Amino acid sequence: MDEQKNVLQQKDDFLAYKDKKQVFLGGVLGFFIGLAIIVPGVSGAAIAIILGLYEKLLYSMGNLFKSFKKCIKFLIPVIIGGIIGFVGGFFTVQKLLNLFPFAVIALFGGFMFGSYPAITDKIKNQKRTALSTFLFALGVIIPVVISLISVFYGASQRGLTNLRIYHYIIFLVIGYLIAITQIIPGLSATALLMTLGYFTALLNAVGFELIKNVPLLMVYVCLVIGFVIGMLTFSKILSLVLAKFEVNTFNLIAGLSLGAVVTMFFNPDIYEVYSSWHKNGINVWELVIGIVLFVIGMILAYKLVLFERKHVKIETEVVKDILEDDKQEIEIE
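End of the sequence shown sits at 336 in the numbering used here; the numbers just go up one at a time, nothing left out.
Read the hints as simulated data drawn from the structure, not as lab findings. Small disclaimer: the values here were computed from a predicted structure and weren't measured. Beta carbons: idealized from backbone N, C-alpha and C, even for Gly. There may be inaccurate statements among the hints.
Claimed, not checked - No more than 20 Å apart at the CA atoms, straight line, and that leaves these computed lysine to aspartate or glutamate pairs for DMTMM-like:
1. K98 with E249
2. K73 with D22
3. K127 with E249
4. K130 with E249
5. K72 with D22
To be verified - Cβ-Cβ distance ranges computed for the label pairs, FRET-style:
6. V209 with S279: 24 to 34 Å
7. I302 with T164: 40 to 50 Å
8. F27 with Y156: 40 to 50 Å
9. R131 with V217: 50 to 60 Å
Just need the whole structure built from these sequences, with the hints factored in.
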C-alpha cells in the first residue's frame, strides 16, 4: 500500500509545475507545437526534448483519462501556447515566409540545428552498435525522402470543393498523421500536407468566413478530431516503446531530428525560392541575412541547451519508473 502511494506521489511530482518558469516553458513548448503546423521543418517534439518536457508530454497525453486532473494541469499551458503558436504562425510567420522565405527558414533552421545536442544527450554515452547506427541512418533518411517526394512527386494542389463523405474520413486520418508528426521529433506536418497536396488549400481557407461554410468547416473539425485522437493514442504507444527500447528509440529520433534540419532547406516552399534564384539571380541580401539569422538562431538555441543542462534536472529515473509502471498496468489489463 505504501509503495502504491509512493508511485502515485512520484506521478504527482513528475507532472506538477514547480514554479512559474516551468509553466512558462510549458507555454513555450505549446507555442512551437502550434508553430510547427505552419512552418516547414519546425519540430514541437524536438523542442519538448530540449526543454526536458518530452516524457512528461507523452505521459500526460497518454494517461489523460486515467489521471485527468493532474494531466490536464500540465497540458493547459501547452494547449494555450499551441493556440498562440498556430494563430501567431498563421498571421505573422506565414506572412514573413511569403516576404522573406529563405531568411525566416534559416532562422528556424539555425534554432533546430543549435538545439540538436539536447537530443543526442540521450545517447551520447551509449555504445554504438550496428542496430543503433542503422536506426540513426534510417531516421535521417525518412524526412529527407518525404521532402524529396513532396518536391518532385508531391500531389498537385488539391481543392476543398465538392466534398463527399469519404473526404471527411480522409481528413480524420490526416489529422491523426499530423498528430504523429508532432509527437515524433523530425517529422513535419507541413511537409506531410505538402506531399498530400492539401497544405495551400487548408491554409488559404482559414478566415472569418469559414464558420459560414459548413462543409468546409467540417474539414477542420475532422482534422481536429483526428489530431486529438492521434495525440492521445500515439503518445501512449510511444511512451511504452520508450520504456522498453529507450536507447534505440532515441537513436532513431536523433536521426529524424538531423534529417528535419536538412528538409527545412529542401521542401516545396523553399524550392520555389531556389528556382527563382536560378532564373533571376540570387537575392544576395536575403542570402546574407539568412546566413546571419541561421548563426544567431544556432547560438541562441545552443545557449538554451547549455542553460537547461545546468539548471533543469530531467527526472530520468522517475520517468523510467513511471513509464515502466504504466507498461505493467497495461500488461495486467
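Structure-based check of all given hints:
no.	hint	verdict
1	K98 with E249	violated, 39 Å
2	K73 with D22	holds, 16 Å
3	K127 with E249	holds, 13 Å
4	K130 with E249	holds, 13 Å
5	K72 with D22	holds, 18 Å
6	V209 with S279: 24 to 34 Å	holds, 26 Å
7	I302 with T164: 40 to 50 Å	holds, 47 Å
8	F27 with Y156: 40 to 50 Å	holds, 42 Å
9	R131 with V217: 50 to 60 Å	holds, 55 Å
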